[in-house]
Amino acid sequence: MEIPFVVTPRKDTGLTNSKIAIWLFLASEVMLFGGFFSAYVYLRVGSSDPVGGYPWPERALPILPGLINTFILIASSVTVVFAWAALKLRQWGKFQAFMGFTVLCAFVFLGLKGIEYNVKFHHQALRTVDGAVIEGHLGYEKKEGVDAHAEAKEEDYVLNHHGKKIEENRINVEATGLTFNTVRFHKDWVEEILTEAGHHHSKITLASDLKLALKPGAAEETVLPAGTELSTEVLAKVADLHLKARANNADVRTEALRKAWDVAHETYPSKRDWQIAEKVAIDPKALEGKLMTEAPNLAFKVDPPAKLTFAPRDVKAGQAQSSLRDGTAIDGVLLESPMVFHAVDALDFRHLAMKAINKGLDPMAEVEKSWVLANSPELREIWEWHKGEIAKLEERLKQDYEMKGKSKREPTFTERYRVEWKDFAAKAEGKPRTEREGVIKLKEQFMGPNYDDRAAAHTFPELSVPRDQVAFDSKFTPAWNPFYAIYFTITGLHGLHVIGGALVLGYYLFRGKKMYLSNPEWLANRVEVGGLFWHFVDLVWIFLFPLLYLM
Amino acid sequence: MADSPEEIRKKTKTYLAVGALLFIGTVLTWAVATQEFLDIGGHGFDRADCILGLLIATVKASCVAGIFMHLNHEKKAIYWIFFGSFVFVFFLAWLLKLAHDSPIFDQFFYR
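Keeping their order, the protein sequence lines are chains H and L.
Quick note on numbering: the first sequence equals residues 0 to 550 in numbering that gives the first Met the number 0.
Quick note on numbering: the second sequence equals residues 0 to 110 in numbering that gives the first Met the number 0.
Do not rely on the hints blindly, as some may be mistaken.
Unchecked claim - Okay, derived cross-link-like pairs now, EDC-like style, lysine to aspartate or glutamate, Cα gap no bigger than 16 Å in a straight line:
{"id": "1", "chain 1": "H", "residue 1": "Lys405", "chain 2": "L", "residue 2": "Asp38"}
{"id": "2", "chain 1": "H", "residue 1": "Lys10", "chain 2": "L", "residue 2": "Glu73"}
{"id": "3", "chain 1": "H", "residue 1": "Lys407", "chain 2": "L", "residue 2": "Asp45"}
{"id": "4", "chain 1": "H", "residue 1": "Lys403", "chain 2": "L", "residue 2": "Glu35"}
{"id": "5", "chain 1": "H", "residue 1": "Lys407", "chain 2": "L", "residue 2": "Glu35"}
{"id": "6", "chain 1": "H", "residue 1": "Lys407", "chain 2": "L", "residue 2": "Asp38"}
{"id": "7", "chain 1": "H", "residue 1": "Lys403", "chain 2": "L", "residue 2": "Asp38"}
{"id": "8", "chain 1": "L", "residue 1": "Lys74", "chain 2": "H", "residue 2": "Asp11"}
{"id": "9", "chain 1": "H", "residue 1": "Lys405", "chain 2": "L", "residue 2": "Glu35"}
{"id": "10", "chain 1": "H", "residue 1": "Lys141", "chain 2": "H", "residue 2": "Glu167"}
{"id": "11", "chain 1": "H", "residue 1": "Lys202", "chain 2": "H", "residue 2": "Glu228"}
{"id": "12", "chain 1": "L", "residue 1": "Lys75", "chain 2": "H", "residue 2": "Asp11"}
{"id": "13", "chain 1": "H", "residue 1": "Lys442", "chain 2": "H", "residue 2": "Asp11"}
{"id": "14", "chain 1": "L", "residue 1": "Lys96", "chain 2": "H", "residue 2": "Asp48"}
Hint data in this document are derived by calculation from the structure and do not stem from the laboratory.
Full structure from sequences and hints, please.
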């Protein structure tokens, strides 16, 4: 039996089933993306609010990948229409060619998107305590004895458990003692601690005998003697005993409380529960001889003291004691734990300037007092050059206003307080700021600056930031700025739509022959609605590109 | 589908022309946003340039919707569905505006 209205349209609407269905779906998609676009507009406008505003990465995305992606999607939109037209004209070969090109465009688009995302995930941003923002790439830890300034080879780098290089952004603690939470300890971290201690020839052993009552009311017995070496098996064994004890004790207490309530009800028969609640308490005598010993924590000593390193997001560091996110307490002194930038490629004082303006202070004066300018002669030099260039820009704009009759314009807040990598490159090449677009090579328009090639000219300085200057650090991810949050959300959702569309169109391309031979008009209708979805995906990108990349 | 093979053959040139127009529109959007000589009023990138950029994007989107998606000769039912979605998006954006203008928040939090 043939499904009605897949080829012949309905008489009342004049439409086939797929047509109505796809437009209903596209209407819902308009609402979905419309919501996100509205959210973007409000976030963007809110960032320029004089009171509650914050620096926005305006026009910070490299334009060329976005521009090429726009061309790719437009081309694929054209070819998907031609693919449908070829089907209507019963030209199977042409259909395959056009549809193949469309699907290829989809994958090129996703590839470029992937490269863009990857570059952002590796780009580090830091806000210091005074509000200055430093952007760049972190260095990687090198083996002891390797010259830090010589050109590094692959074998000079320290590798972690997973064989990857370790970024120079670690908290170092000289641990003398460790107290693990027996239930919450994270196995991977325990293994890493053991490995690191092993490197320093330190032993991690139980600080004192672990004595537990293993049966209700029984006497405590030594389960683990002092000096037992730390291992995940030991912790797991104690966790098991602790959980059994905890379950038993909870049952015993619940039973005792139940009995106490029964007694209270008998004593005060006419009173309501809430009236007698204060009088109800567990009788300690009822618990005698029924409890087992719980062991929620287990303390170990580290002998000799070992230097342990942790990722900043995993540890809450303190001068004398630090704690990990799994509840492990580390006794020991906090060592120097700098955040080391191998290449600083942007300096942004907008946040610092905004805070100064809100306090009624001169923003430039506050910028001059910042830690980064006081402690890095190279960045100070770049900042002085930038100030000179902005002064020249001010002069040129003033002349344009007075002599050429152009409207009055001053350097924007961003131009005045943000020095970005193209400025660093222009200065290093001895070019003025007005020619900074010209210093970028084609590859750099996609991948960002070529740090290796530019190293010889000392374009991007190194900087070691002590831990007490680090207020907030993140890669260019949603954590850093609401712009990145909505950028990844909206382009990610769009990317998922591209994948979905490519899968559907690919299905018609590779599996459509059978249907073409049996019912070509039905296939043409299906390809048409698939094409309509594809055009919608292109439509969203037509708005996304200017909104995210150009504005 | 209403389009007959003859009509489709005639439309091939239109599709190519619209495709070329979209490419030119994209270059224009980029130029308006980045080239100083196309800056409206010479104030740097400001509201006027934003509006112009979005206007160009709207024209491009209309070409895609009208010609590629056949909306210029679609049936009434489709027009109603599409119109409905814009009404809902308008109300969605209006809700955001309401939330922005009279937010519910703890005034002491932002000190």
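Hints, one by one, checked against the model:
{"no.": "1", "hint": "H/Lys405 - L/Asp38", "verdict": "holds (11 Å)"}
{"no.": "2", "hint": "H/Lys10 - L/Glu73", "verdict": "holds (15 Å)"}
{"no.": "3", "hint": "H/Lys407 - L/Asp45", "verdict": "holds (13 Å)"}
{"no.": "4", "hint": "H/Lys403 - L/Glu35", "verdict": "holds (15 Å)"}
{"no.": "5", "hint": "H/Lys407 - L/Glu35", "verdict": "holds (15 Å)"}
{"no.": "6", "hint": "H/Lys407 - L/Asp38", "verdict": "holds (13 Å)"}
{"no.": "7", "hint": "H/Lys403 - L/Asp38", "verdict": "holds (15 Å)"}
{"no.": "8", "hint": "L/Lys74 - H/Asp11", "verdict": "holds (10 Å)"}
{"no.": "9", "hint": "H/Lys405 - L/Glu35", "verdict": "holds (12 Å)"}
{"no.": "10", "hint": "H/Lys141 - H/Glu167", "verdict": "holds (9 Å)"}
{"no.": "11", "hint": "H/Lys202 - H/Glu228", "verdict": "holds (7 Å)"}
{"no.": "12", "hint": "L/Lys75 - H/Asp11", "verdict": "holds (11 Å)"}
{"no.": "13", "hint": "H/Lys442 - H/Asp11", "verdict": "violated (56 Å)"}
{"no.": "14", "hint": "L/Lys96 - H/Asp48", "verdict": "holds (15 Å)"}
Consistency note: the structure conflicts with earlier hint 13 alone.
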